[in-house]
Amino acid sequence: MSEPLIDVRGLRFRYDDGTQALDGVDFRLWPGETVALLGANGSGKTTFVLHLNGLLAGEGEVWVCGVPVEKKTLADVRRRVGLLFQDPDEQLFMPTVIEDVAFGPLNLGLNTEQAEKRAREALSQVGASAAAGRAPYHLSAGEKRRVALAGVLAMEPEILVLDEPTTYLDPPGQRDLVRCLHGLPQAKILVTHDTLFAAALATRAVFFERGRIVAEGAVREIVEKFSWTPGAGTKPAG
Amino acid sequence: MHHVTLDRWSRGESVLHRRDARVKVLALAAYLVAVATLDAGQQLALVACGALLAAGLLASRLPAGALLARAAIVLPFSGVFAIFSVLGGQPGRAVELVEKSYLSACAVLLVAGTTPLARLMGALESLHVPRFVVLVVQFIYRYLFVVSEQAQHMRLAALSRGEKGSFRAAAGALAVLFARSEARAEAVYRAMAARGFSGRIPQLGTPQLHPADAAFLIAAVGAAAIIRIAAGVFS
Amino acid sequence: MHIPDGFLATPVWAGLDATAAPAVAYLARRAGRNFDEGRIPMLGVMGAFVFAAQMINFPVGVGISGHLLGGALLAQTLGPSAAAVTMTAILAIQALVFQDGGVLALGANVWNMALIGVLAGYLPLGALGCGRRRLAAFLGGALSVLAVAVVAIAELLVSGVRMPGPVLAVTMGLFFVTALIEGAITAAVVGAIGAVNPDWTSRPQAPLARKAMFGLGACAFLLATGGIFLASTAPDGLERLAGRIGLGERARVLLAAPMPDYEARWFSSAALGKAAAGMAGLVLIFVLTALLGKWLIRTRRKE
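Chains as they are written, first to last, in our numbering: chain A, 1 to 238; chain B, 1 to 235; chain C, 1 to 303.
Worth flagging that the hints you see were computed from the coordinates, not collected in a lab.
Glycine included, each C-beta is placed from N, C-alpha and C at the ideal position.
Treat the hints loosely; a few may be bogus.
What the hints assert, rightly or not - From the derived model, a few chain A residues whose C-beta atoms are all more than 12 Å from chain B:
| id | residue |
| --- | --- |
| 1 | HIS193 |
| 2 | ARG212 |
| 3 | PHE226 |
| 4 | GLY233 |
What the hints assert, rightly or not - Below, a sample of chain B positions facing chain C; criterion: calculated Cβ distance under 7 Å:
| id | residue |
| --- | --- |
| 5 | VAL108 |
| 6 | VAL137 |
| 7 | ILE140 |
| 8 | LEU174 |
| 9 | ARG184 |
In isolation and in its complexed conformation, chain A is listed as follows (with noise of 0.2 Å):
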């Protein structure tokens, strides 16, 4: 029996103008997984995720690779917790691609060629080498999107957080996403409202109510039991 990679237990979290954004969250990632966080806007997933990496810290416990998220283990924790956040023009804020995807190997403390090497490394990775000197700014979402990947692999993680990784993606870009994730060895936790992209990937799934886990199951399962898609209800139009 092996030890989950990430271990939850009772998280709480409160933000600053009073909203319990979590009140009580039990999660394990185990190695090998894949699991989509599902749930309404505002149910906590995205916050849930900010605490995996220590970049928000709540009461209850919060475990990575057996070492407790705390201050001084945020360094660990940052380079065994891959976060890939909604918006690529956040985490894309080097003047070049290159040098962008080097950032995280840089902060570990690599020297200027080994992590240009891991740099390289990672935009094969996910087919994007022919963007290493361009500028963020003249990239496509979809090219955008990889190479945000790119410079969370260049860290080597050992579990990878994507926050909706499909927004902006048009079908095309999405079946580029979910090969390239596919050929990952990481376990992986997505946050997503695309149950297609979830049912693609996912080998179980939870669902975010108010703060709190209330379900967990199969993808299809979970989809069906909150009647989670766009038409459920009403009838098809075509």
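Following the hints, put chains B and C in place on chain A, whose structure we already have.
Chains B and C alone, transformed into the frame defined by chain A:
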């Protein structure tokens, strides 16, 4: 938008594009100093500077007409003061103002049009411009496109709501843009933290200088110096 | 208000470049120490905001519209030293990418807009405190424009750029109107931000020590009155002024020479002028080769 075009130009291919940014910055400095220290009595020297510029323009393979037109943005300002000088009985000064401001603008455009801004900033940092300032410039440039687009979308949205434009509406629009910009900045900081940022933004290495760069530097600075000295000696 | 290359006399632009460099270096070091490089995204995005904001039109009358210049807003939002660094970065981009302002003239433009303008924009907030944000914003906006106008005109006049009396009056009048508009826009934006986010108005902005503020206020006042005095005395007035404060013959010629008669160089002897030009050229070559040598050594050391 202006910076979009310049950005595209700067990623072109030519003898000038390939030169190291540091060398181009120094050459530009030498040229600008030469032009700035000439006066209307040294017309031949000013013409020589113009010829030097034309040579650079050819070497850069940039669209000459478009570049010269863009540089003309200084002309209204200098034109007005030129008129005052003429009215004040100093026609020479008038010519001087127009020539010098235009030549200088063209030269800056030539360098900015053949050097991506990131490299230009790297060159300035090697010349001991404070790193903090260089980084702020890079970030402004990075988000210039994004925030400008946001502002444009807001304008379009307002226009399509039949908004004729009022002072209060504009202030409100700026307040929203301001709040979004603050939120974006905080999100960028979070993304930096998530990838291990701990106080210093790291740097990849700087490119090597080639013999061609040294040759260009000597040629450009030499030409500017010769023109300037000759003007001083012969007038 | 951005001065292009070719306007300022050599001692003016060179002197302002030479003095702006250590000032900016000091502020950058201060900003880096207080905020570490983590503050950079905020300064960068706010700088981008100023650019974008300048695209939005504020109708102020029939067919006339103004737009935000931003120095005071930055100063009252980020604090004076961060705002000064951000404005410097903005000016650099404006000079290099938009040809708005010269490159050799950057020192002058930095002094005018990033240093003096930002300080003038901040002082009302420092004096009035967080209680009267909108009034402080209005005064800051207006003062920053006036301060910039006065120093810029002074620099141009000292450089011998001709501005006949009536023109000067009209120019100052236009600047006065611009100052009022900037004040109004800054106040409106600050008010609107406060409406969107009530916490923001009560947040203290990097305050300066009381004594420093009075000192700076006094300097600003002196600068302003001195500037207005300079501006109101037309070019010939400067010669008279030089005589009155007892500058020597040679220095008065230096001051007067870039002025009315374009044939006079800035050394009274023609031969001296030629020699000086020659020397300048040689010094330039020497400095550049020295720098080139330095990098070649540095890049070789890296291998």
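Right, here's what the structure says about each hint:
Look at HIS193/A: its CB is around 20 Å from the nearest CB on chain B, clear of 12 Å, so calling it non-interface holds up. Non-interface status of ARG212/A relative to chain B is upheld: no Cβ of that chain comes within 12 Å, the nearest being about 24 Å off. Taking the minimum C-beta to C-beta distance to chain B, about 29 Å, the non-interface status of PHE226/A holds against the 12 Å cut. The beta carbon of GLY233/A is kept farther than 12 Å from every beta carbon of chain B, the shortest such distance being approximately 32 Å.
The interface hint given for VAL108/B holds, since its Cβ lies 5 Å from the closest Cβ of chain C, which is under the 7 Å cut-off. Because the smallest distance between the Cβ of VAL137/B and any Cβ of chain C comes to about 4 Å, under 7 Å, the interface hint for this residue holds. For the restraint placing ILE140/B at the interface with chain C, the shortest Cβ-Cβ distance is roughly 4 Å, inside the 7 Å limit, so the hint holds. At its closest, the beta carbon of LEU174/B sits 5 Å from a beta carbon of chain C; the interface hint therefore holds under the 7 Å criterion.
Using the Cβ-Cβ criterion of 7 Å, the hint placing ARG184/B at the interface with chain C is satisfied: the shortest such distance is roughly 5 Å.
Of the numbered hints given earlier, the model fails none.
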